[in-house]
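Start from chain A and add chain B according to the hints.
Protein chains in written order, with the working numbering: chain A, 1 to 293; chain B, 1 to 261.
Incorrect hints may have been included.
[Unchecked claim] One side only, chain A facing chain B, incomplete, derived with CB under 10 Å:
no., residue
1, Leu71
2, Pro79
3, Ala90
4, Ser94
5, Lys121
6, Val290
Hints listed in this document are in silico derivations from the structure and should not be mistaken for laboratory results.
By construction, the Cβ of each residue, glycine as well, lies at the ideal position given by its N, Cα and C atoms.
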Amino acid sequence: MNVLEVRSLTKRFGTEKAVDGLGFELAEGSATALIGPNGAGKTTTLSMLAGLLEASGGEIQRKKNLSIGFLPQYPRFFPWLSALEFTEMAAKLSGVDPRKARQQAERTLGFVGLGQVANKKIGGFSGGMKQRLGLAQAMVHQPSLLLLDEPISSLDPTGRREVMELLKSLLGQTTILYSTHILNDAEEMTDQLLFLQNGRMVEHGSLSQVRSRYADPQIRIRFENTNAAERFVRESPWPAAVQGTAAIIAVKAEGPIMQDVFRFLSVKSLQVVGVEQETASLEDIFLKVVAGK
Amino acid sequence: MKQFSTLLLKEWRENLRNYKIFWIPVVFILLGVTEPLSNYYLPQILDATGGLPDGAVIELPDPEPEQLLVAVMGQFQLIGMLVLVLAYMGSIAGERRNGTATLLYVRPLSYVSYFLSKWLMASIVALISVWAGFLAGYYYTAVLFSAVPFGEFLVFAATYSLWMVLVVTLVLFASAAMPNAGLAAGLTLASLLVLQLIDSLFGSRWEWSPLKLPNYAASFLDIGPDATALIWTLAISIMCLIGLAALGIWFSKRNRAKTKV
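One chain only, chain A, in its complex shape (with noise of 0.2 Å):
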């Protein structure tokens, strides 16, 4: 079950093309990362999605009486209200009974981890409180949708983690779609990666789709020092580079496997510190896509 389907999605500004024929599915309860450069178009699509803007082509087909939650990269409030007093008229303006929206508004402020400072005004806020009474605001009527831009990239690593573990936390009934540029934190939360660039979807897939498009698995020996390292190269029967105190192998088809490396090094008697077979991260894949194609 879709709760959103979007189709050949175009925004154009004068002549230039924001977004440019963007075509997926959300699927009901799941998360999607939306990927690519500055200026690849992500904040437009998500502002259309939100129905801040107007497309100028496509469609977004949404799930009936679809409920939406919306955190833009920098939400920006009104100094002069508490938390407490922005989170309940959030709440109301989507729709929530007027008698329980303070109580929501609580409920949700101490998710977000702000119980604490839920009637302290937002003038005196730090970035990071208020990253997280954004994320309050667009969760506070419980949608079934939620758009985040950027939602963790003005936190710091401990801010990020919490958030990353809330965010996981609503899976399932809620459906999650967010942009992000910490590749890191999109590997942990994703069912579908989508790659913009230039306002195209360049990529798609899930993340195990993607890696094994661009999967180039390596193995890395680490050596105590250098001319270890630089000896497994000439000696090793397969091709491979030195890099720092490592040795890099390329594992193709034709390839050594795990079980070849480690014959050969014990024959040599070489000192190890580690062998590793790594995969390609989505940061190498993120690369490739960006400059590839």
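Same frame as chain A, but now just chain B:
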């Protein structure tokens, strides 16, 4: 209209916590008080600023109390209006510009409630200011000179109040239509100046014009305005007000995409 009370509460808190609800009436009270006071103390003021040449005798006639109230209105027409325009020029354009509107516009927002909540709050502040200023002027005029009949004063202030609400509606319309607060203020002031110029140059050819509201208000202190002209002017003013509000609502909805994301 379920959202109206929610949005009105927000506007109330904004005006309260930005102190607009206090300082704007204070400005109007000062304007209302200055006119009778400076007239009363005119001889002393002349003395203090160097005085008159020896032997010169000038009889200063006591001003009519009605003249003083009309002079107060003149101050409102200039400084008072400027204060209101500057205070409310950013109501909508400013929210869009600084991005605070985004978190409102992503919700199923009723733009009728959005615009009218701002309009009502600004009108309340304008009305409090006008009445506080006029009452202060009325009081000091009565104490220092003589009292204007209170009934005449009431219709005078009431008629002028409608004019001020019309100005507030114009500011909010401009704020909805223009991309930023400065342009909104520019549009408001420019259109008021041009219209007032036209009305003062050619205004003798027509009697029904919202721009004549202050004149008709003033004439209540004198012989009173012509009833038909007044009724038509009131009717046209209210129609203008509704028209401006409707356009303001339309523009605030149309310009929602201009909010900073």
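Each hint, compared with the structure:
1. Leu71: It holds, given that the least Cβ distance between Leu71/A and chain B is near 9 Å, below 10 Å.
2. Pro79: The hint holds - Pro79/A has a Cβ within 10 Å of chain B, the shortest such distance being about 9 Å.
3. Ala90: holds, 7 Å
4. Ser94: holds, 5 Å
5. Lys121: holds, 8 Å
6. Val290: violated, 23 Å
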